[in-house]
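From just these sequences and the hints, can you work out the full model?
Under our numbering, the residues of the sequence shown are numbered 1 to 1117, in order.
Please note that the accuracy of each hint is not assured.
List of simulated lysine to aspartate or glutamate pairs, EDC-like, C-alpha gap at most 16 Å [unchecked claim]:
{"#": "1", "residue 1": "Lys275", "residue 2": "Asp262"}
{"#": "2", "residue 1": "Lys214", "residue 2": "Glu333"}
{"#": "3", "residue 1": "Lys455", "residue 2": "Asp401"}
{"#": "4", "residue 1": "Lys350", "residue 2": "Asp489"}
{"#": "5", "residue 1": "Lys857", "residue 2": "Glu933"}
{"#": "6", "residue 1": "Lys455", "residue 2": "Glu475"}
{"#": "7", "residue 1": "Lys540", "residue 2": "Asp107"}
{"#": "8", "residue 1": "Lys303", "residue 2": "Asp263"}
{"#": "9", "residue 1": "Lys459", "residue 2": "Asp490"}
{"#": "10", "residue 1": "Lys872", "residue 2": "Glu933"}
{"#": "11", "residue 1": "Lys975", "residue 2": "Asp1096"}
{"#": "12", "residue 1": "Lys423", "residue 2": "Glu724"}
{"#": "13", "residue 1": "Lys350", "residue 2": "Glu488"}
{"#": "14", "residue 1": "Lys275", "residue 2": "Asp263"}
{"#": "15", "residue 1": "Lys345", "residue 2": "Glu229"}
{"#": "16", "residue 1": "Lys128", "residue 2": "Glu176"}
{"#": "17", "residue 1": "Lys214", "residue 2": "Glu330"}
{"#": "18", "residue 1": "Lys214", "residue 2": "Asp331"}
{"#": "19", "residue 1": "Lys1026", "residue 2": "Asp1074"}
{"#": "20", "residue 1": "Lys214", "residue 2": "Asp372"}
{"#": "21", "residue 1": "Lys214", "residue 2": "Glu371"}
{"#": "22", "residue 1": "Lys540", "residue 2": "Glu176"}
No wet-lab data here; the hints were simulated from the structure.
None of the values given here were measured: they were computed from a predicted structure.
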Amino acid sequence: MTTEITTTTESATTTETTTTTTTTTTTTTTETTTTTTTTETTTTTTTTETTTTTTTTETTTSSTATTTTTTMTTTATTTKLPGCLPPTIRLVPNASSTAPVRFFRSDDFYILSNMLLRCDMSAAITTKWALHSCNTTCSSPIQIDELIHVNFNDLFIPARTLPYGVYQLTLTVIMEAATNITSTASTYVMVIPSGIQANLIQMGTSLVTRRYQKNFALDPGTFSTNPDEVRWDASDWNYAYYCTTASLFSSSQLMTSLLPIDDPNYMIQNTSCFKNNSEWEYSSNVYWKSTLTIFAQALKPNKTYQFIVNMTTKSYPIQQGVGYLLVHIEDNESPLITIACIISKMCAVKFGEFRNLNPTTQLALYSTCGEDCSTIQQIKWLVYQGFINASLNTVEWILFDSNSTNHDNMFFGISTANLTVSKDIFEQNPAVQFWRFKVLYSFSSTTAFSVLSFKVNQKPRNGSCTIDPLNGTAETLFTVVCSHWFDEDDIKYYSLYAWNMDSSHPIMLGYSYEPTFQIRLSAGNHYASSQNISVHIRDKLDAVTQYNLPSVIILNDETETEMFNSATQYLSKANNSETFVQSLASDYQCTVEQAIALFNQILHKLNTKNIELALKEGISMENILVSSLIDQLHTNSNKSSTSSALSDYFTHLNLQANVRDRLVTYMHNLQMMSIENIQWQASSLAQFTAATNQLTRAASLRASDKCHQLAFSLKRLANQILYEDVRATSTEIINCINNALTAINAPLQNRASVLDLDLIRSNVISVDYEDDAEIGWADPSLFANGDEFSSNSFEMNRNSFFQKRTVETIAQQANEVISWITEALSIHLTQDQHATINTSSVFFSLEITTAASLYGKPIRPIGHAMIQFPSKFDFNMNPNTTMSLRTIVQPLAPAGSSQSRAYTNFSASISLSVLNRDGSVIPIRNNTEDPIEFIIPRDSNFRVPTMNLQNVTSAKNSENQNFYLHYVNITQANKNLSMSLHFEMRPLDKDLAYLFIYRFDRPPQLNTLVDHTDGSALWCTLDLAKNGYYSLFIDNHRTAEHHSVVFGLRELNSTETEQYCQYYSVNNGLPLSDRAFNFTANYEIRVYQSGCFYLDSNNNWQSDGLSVSMQINVQHN
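Below, the structure written as structure tokens:
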């Protein structure tokens, strides 16, 4: 007798890779008066409005207080039309020609436009910026660099695109519904010199060692840098050199107590370094003096000298730079060791020999050996704390114990050429204002060292921030006011963050260059929601102070529902006067982002409610949503769903998806400028795309495309900005791109519903955003389902066609985003350091390690997931070679390009990449005896197939078969894949034993005369698993090329049980019998397949080279 059993196929997947002393407080008040001149005719009315905005700036220092008033004029000219007035424009920052805003030429800067559109006819506008030089008058337009785009609402000026001087920046706004309705607004900026970095030697190190019997050169003409220029020209500068045996603490002593070395009176100084002028020479053009060579034996051994260069420009504007270097003279050969900051912009000269150090970010240093370095035996970093000796006016250094166990995970690369110091060290030692880092290179016969010294940049302080009111609804405009913040380097901007429970993962609400700004907030899923809000105050050298505001209570009333209904109604109209829509159309960054952020919160709440209601009604979670990696929702399995519940769910789902589809277009159009702007946009997109079940194909693609652009911009800025900014922005971008990837794959994997808007767009021939002339719309075979030509099948297959095409685009963008994020983070990481992003959308880890550390290395990303390197593998690299190890876990495996199903829809995917420092893949080759092991989690909503009861006690055995047989079809539609087989049997009588046999593609036979089997198992009571069942596993290599398996079971009698189970010996063999099967108790059985696949370069799932482990279970592979 043979019973056919339908197998449940489940799989898990792998993605294989072969592998900155002045205190300034500014308060701005705006007062607007309007002067109107009107001339009337019989048909129209022409009005010119001049709006004068007066800004009062209060500047407070330690001893003075002054008030400066600047004026900005906005002009609007219009021929009056009913219901259409010229827009009101406010530029940020707002400044007059007498007090322009100052920007360093080496910095990007931008002007934001805050517009209020007042036209019922249409919200569409045309904008254009004009730039005029005000070095004489402001009437001279300048030739605009191609990098400056003048047709955006906001004006972005990249670094080094404007020469030094004062400029008038004017924005003109024209209403497209009536082109004679215009408004203009102007602001003024001054581009100023940034200041050069005067370096006496390469990298601008504080202290180096040099040999007594060897010449050495000081070459500021080569090694100095001017951030305002692309190239450095040594001939543009005058050079004056100083040398002293005293260590100068204050840079002001340079001009008051020292003479240049070529001054006739220099030798009479007590602190002079040389006995006569023959001990040195200018090695380059004598007029330039850009290089100074000190001859051998000119300086005394075992002594430290301080060299200073004072550089001034030969032309206007006059600039000056001062460079410092301590040189320690030794008897022995001493290779030149230098130290510099990985992010040079973050370590500008503070004063004297001291560089700037931000206490709120990590410090990343690197060292180089510039001469014969072939015999390096050891590298070691030493850390010192500095304290001022007031009587001597010097800094005294005390060695800091960097090896203490209290400082674990605070110093990385302590024995390598690179050193990274966690910001925790500086935050835990706030009284220490000076730090020194010394790297010591040990060679076979000598040692050499170098030092880099820092002074801590003080954070903004002594100020406060308020928010008003302390409670409200979604319509409430909350005002945040920050005042009296003090910082020597001025305030750069204010950013706002919120969180509910976890303060370690706050959500960025926005940022402002002004100390007063407004926001809207949304309630949570309950009647009232308490939001914790903090303001980050950042100075121009990027030191940050966090100020926590009082908690704000947001009431959950009908306002949010009304706002959503309003948006649903008005967003569908192209030309609309609704305030919300005109705010979006203004393209003002803050307005658009806050409007979208508010509605995203509302949509998120509505979506959560919709899903929770659906689950309560018994709708299966697995068919409507992909489970996140962290938060889990589960179906109410005790209730079956109804058609009305499904209908309600889909109605709300599609309504909300339509709103998201329109909203994402406004986000896609925003201009990318500074890192704070990029981070905010990325944060908004990550939140927006979190509802993957509500993303249409177009919304997914637009979100992916925008995140792709943001990732590229981040990569471009990564070597200029803080690690914390790179990491925070990377987190949001990776969340966004993975959300888009999940959303586009979910319908193909039957893990989300096909949205109405996608279905409609797929079946309209003139689909401009995705139409292809090569698609044969009239060819029924292209979209038919085999021989089925129904309209429903036709429409669904067309939708799948476009869905798969979009998957390819988003997958390619996702790969590039991952590569760029890896590159951006790698710049800031050193050996033994890692960056981990662990969110509900994705797990991403990047670790810098050595080749030797990979042998036997376990990696445990999240939950049950794990990767285990073997103890042996073929790795043709030096064990000390530094490399990057990247691990990614995504909640849903991609569908792949194959037309046949791969059963990956309930599996997560894991990606492991071993990369060299330039990002190229390093191949790893292992053998079957030493495999790389992967444990890949499945979706928590995967439903384990129930066991089927087999009523074998009443089975008729007319043919006197020895075994009760079961047939299982294991034919694979996808010929590239092989899968393992799992048999699980639960006896209703736990005291019974069984003999299990199987054979591929034909029935098995086993008795005293015949053995036609491919495998067997003796199941004794002692073999029962904890959950009370017997099991057998057949790996995927054995099932390959087979189409079916037939297995049989026979219950052992008491004699057999005693002989083969209680007193079992290997020599006993199997209990062979010629008797017909006889069962005294029924049993339950479950058979399922599992696979482990990798996605190849053509986006096809493959299984060659992969083996499924017998340790697999229904939670993971």
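**Request:** Verify the proposed pairing of Lys275 with Asp263, using a straight-line Cα cut of 16 Å.
**Result:** Measuring from Cα to Cα gives roughly 13 Å; hence the hint holds.
**Item:** Distance restraint between Lys459 and Asp490, which requires alpha-carbon spacing of 16 Å or less
**Value:** 10 Å, holds
**Request:** Verify the proposed pairing of Lys214 with Glu371, using a straight-line Cα cut of 16 Å.
**Result:** It holds: about 13 Å lies between the C-alpha atoms, which stays within 16 Å.
**Request:** Compare the distance between the alpha carbons of Lys128 and Glu176 with 16 Å, and conclude whether the hinted pair is satisfied.
**Result:** 13 Å, holds
**Asked** Can the restraint linking Lys214 and Asp372 be considered satisfied, given a maximum Cα separation of 16 Å?
**Response** At roughly 14 Å apart (the allowed maximum being 16 Å), Asp372 and Lys214 satisfy the hint.
**Asked** Holds or violated: are the alpha carbons of Lys540 and Asp107 at most 16 Å from each other?
**Response** 11 Å, holds
**Message:** Run the distance test for Lys1026 versus Asp1074: straight-line Cα separation, threshold 16 Å.
**Reply:** Outside the cut-off at roughly 33 Å; violated.
**16 Å Cα cutoff - pair Lys275, Asp262** = Answer holds: Lys275 to Asp262 is near 12 Å, not above 16 Å.
**Satisfaction of hint between Glu330 and Lys214, Cα-Cα up to 16 Å** = 10 Å, holds
**16 Å limit on alpha-carbon distance, applied to hinted pair Lys455 and Asp401** = With Cα atoms ~19 Å apart, Lys455 and Asp401 exceed 16 Å; violated.
**Request:** Given the hint that Lys350 pairs with Asp489, test it: the Cα-Cα distance must not exceed 16 Å.
**Result:** Holds - the C-alpha atoms of Asp489 and Lys350 are around 11 Å apart, at most 16 Å.
**Prompt:** Going straight from one Cα to the other, do Lys423 and Glu724 come out at no more than 16 Å?
**Reply:** Holds, at about 10 Å.
This entry does not satisfy hints 3, 6, 8, 19 and 22, going by the numbered hints stated previously.
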